[in-house]
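J.: Sequence:
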Amino acid sequence: MKIGLATAALLALPAAAAAEPLRRLPGTVPRALAAMTPAGRAPADLRLEHVTVFLGLRHRRTLDALIAAQQDRRSPLFHRWLAASEIADRFGPRRGEYERVRRWFVAHGFEVVRDSQFRTALVVAGTAAQVEGALAAPIGRFTRGGQTYHAPLADPSLPESIAASVRGIVGLDDLPKFRPLATLPGGETALAPGDFAAAYGVAPLHAAGLTGAGHSIAVIARSNFRDSDVALFSSNFLHFQLAPVRVLARPGADPGILPDEGERIEVLLDTEWAGSLAPGAALNIIIGSTQGDIPEALIAAIENRGGGAPSGDVISLSFGLCEQAAPGITLELFDAFYALANAQGQTVLVASGDDGGRDCAPQSLALAVNGLASSPHVVAVGGTSFALASDGSVPPPASLVERVWADSGGAGGGGQSLVFGMPRYQVGAGLAGLSSGRALPDLALAASPVAPGYVIVEGGLGRIVGGTSAGTPALASALALVNQRLEQTHGVMGGLGQLLPDLYRLGSEQARGVGAPVFRDVVAGSNGAFGAGPGFDLASGWGAPLLDALAGGLAGPGPCEPDLVCLVPSGRGGRSCAGEWLVEQEFFTVRRNQLPAPRQTCRDGDPQCDADGAADGQCMLRVALCLNVFDTRNPQLHARGPQRGLPLCRPGTVRRARLLSPRTSRRDPTAAANHRALAAALGALPLPTRLDAACTATVPVVVPVNGRVALRALVADTRGPVTPRVTLRCTP
0 MKIGLATAAL
10 LALPAAAAAE
20 PLRRLPGTVP
30 RALAAMTPAG
40 RAPADLRLEH
50 VTVFLGLRHR
60 RTLDALIAAQ
70 QDRRSPLFHR
80 WLAASEIADR
90 FGPRRGEYER
100 VRRWFVAHGF
110 EVVRDSQFRT
120 ALVVAGTAAQ
130 VEGALAAPIG
140 RFTRGGQTYH
150 APLADPSLPE
160 SIAASVRGIV
170 GLDDLPKFRP
180 LATLPGGETA
190 LAPGDFAAAY
200 GVAPLHAAGL
210 TGAGHSIAVI
220 ARSNFRDSDV
230 ALFSSNFLHF
240 QLAPVRVLAR
250 PGADPGILPD
260 EGERIEVLLD
270 TEWAGSLAPG
280 AALNIIIGST
290 QGDIPEALIA
300 AIENRGGGAP
310 SGDVISLSFG
320 LCEQAAPGIT
330 LELFDAFYAL
340 ANAQGQTVLV
350 ASGDDGGRDC
360 APQSLALAVN
370 GLASSPHVVA
380 VGGTSFALAS
390 DGSVPPPASL
400 VERVWADSGG
410 AGGGGQSLVF
420 GMPRYQVGAG
430 LAGLSSGRAL
440 PDLALAASPV
450 APGYVIVEGG
460 LGRIVGGTSA
470 GTPALASALA
480 LVNQRLEQTH
490 GVMGGLGQLL
500 PDLYRLGSEQ
510 ARGVGAPVFR
520 DVVAGSNGAF
530 GAGPGFDLAS
540 GWGAPLLDAL
550 AGGLAGPGPC
560 EPDLVCLVPS
570 GRGGRSCAGE
580 WLVEQEFFTV
590 RRNQLPAPRQ
600 TCRDGDPQCD
610 ADGAADGQCM
620 LRVALCLNVF
630 DTRNPQLHAR
640 GPQRGLPLCR
650 PGTVRRARLL
660 SPRTSRRDPT
670 AAANHRALAA
680 ALGALPLPTR
690 LDAACTATVP
700 VVVPVNGRVA
710 LRALVADTRG
720 PVTPRVTLRC
730 TP
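0 is the number of the first residue of the sequence shown in numbering that gives the first Met the number 0; add one for each residue after it.
Since the hints were made in silico from the structure, they are not lab data. Treat the hints with care, as some may be off.
[Stated by the list, open to error] Have a look at the derived ranges for each label pair, beta carbon to beta carbon:
#, residue 1, residue 2, range
1, 589, 30, 54 to 64 Å
2, 687, 488, 28 to 38 Å
3, 238, 554, 21 to 31 Å
4, 590, 84, 23 to 33 Å
5, 488, 434, 37 to 47 Å
6, 94, 365, 39 to 49 Å
7, 184, 146, 20 to 30 Å
None of these values were measured; they are calculated from a predicted model. By construction, the Cβ of each residue, glycine as well, lies at the ideal position given by its N, Cα and C atoms.
Based on the sequences and whatever the hints tell you, model everything.
T.: Quick look at the structure:
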């Protein structure tokens, strides 16, 4: 059967293409078809209006290292967000490659719906007959629950020369994938925006005069809404009028107000709460078309940023997608665009889900997470519940006790991804004791619809709802205030970008007792699969963020202030400062001259040097390589001339930097992981550079107990090469 279809497709292609072998693009056929009833072939003229040809990204490790550097204050890339053209040229497919793929689809009768300024994806439209003829993917019909859907009967195939540039194709089916996460019905008590502000440390930001002015929030939606509901919410619960701007992801393709109650509730919950705490921030509702759905709206919110159209410094996404049931290429596409959002300064918040540790319920009760929240490039927002005071008010922050949300309305989503590995910022924060998947949620906020619930206005009436999709837009609103504060105090412009490395650093420091609290630790309750406990857990992440403390933590001093105290000199005289290793720790083994020695030792579990703070058979030491260090500690000084008395060690122009060790090893996965992380960090440095103290992003390096890791790099400036080195040891 499959052979016959492939042959038919080959005959339908032009002669030049027919001679070229085809390559199948796996991961397109929905897994859900196995539980559906086939209902024949789709009509040949069935229109598929939003087919995304995903070309993917180049240099992913370098991109991730760059995103990490954008969040590291030592790096010359700190908060230097990339323009769309720079992203396209450095990380998107080459222009000729993109144009070749585009021409091929146009030549086969497809209409181009949207080009990507990043050149990562091409949206086309065509008929079922065109899809079958060009892609060897016949479209069938399937039924479930009285509804009829269409989907491909086989994964698409492309000529080798085109397939080499295409990661996969999304949009050949119309099966329901993305579900709104608002939870109904609610109880009798609810949070208004002022209550949320009191519970989560937003009130002090308001008291400081912060409004979110100059910043923006984007809500991802697929339904329109009534202005009258938003106006009534504003009149009843705010001291200002919300002014949301509708942005159709596809101009002219307004889906209208969807009939499903959950859809109507979701868009109003997101809209009303995303603007509720930041009266000065621009509020943009990015609405996907019926065919384009959530992917279209998300991509528009990200690409609009580079094109100057309405978007957001913070993006709020409150939909769910069972990770196990989702085609792998769909998850890869979302992750790629999340990463691009980070690179241009956007923070993406995604609700972690309302089914506890079983996000695929009721179809499957296996452990699963929300696939839209499992990317390491988004903040996954979990759920808590708490009791109001006897008079219905929010208890004072010092006495407010939260527990993991789990009641008749649902439970906060959490668990570990089966698709995305644990990112380095989680490994470095001590989560390596879990399995190898990306762990979520990252943090948690009130989500129960009954303890206490959130108030919204829908259909002209006040309603009480819940779900992790409530805390997500509320957090987006609060982050606009945090962004404004950092802009005022530290000149941090244009967004916060990828927050997770900082959130995990702050959470880890709090858990180790070496940093001020920025989270209200949630230590009680379970989401039905995972229980809460001190520090990070799979039910509540680090706990509930205290926004005023978080703003201070993001702007506060790092572990090495100044950085000079953590630098390990190496080399001779005036050449040593071309490159020096920085080791984040409190106390150093020193030489006779009282400078840090080239061999440093950490005790497993010592919170002053072991970044995970756990006696777990390994030390986690955070290191960076710094170039052009004007090291005033160097005892060798100029003896004569105009520079008399100044250190011999002076900055120059560094042309290249390369990691020499640790080397990668197939037999030692820890060494291989250390090598990959360090090499990527060096690769993200903007070379050549004359910048003083141009450091890589800080990288957590794993050293086994009773083992050692020797770090060596080759740094070449105008005066020749030097080899900065340091050896890290871990003792029981």
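J.: For a quick check of understanding: which of the numbered hints are violated here, in increasing order?
T.: Those not satisfied come down to hint 4.
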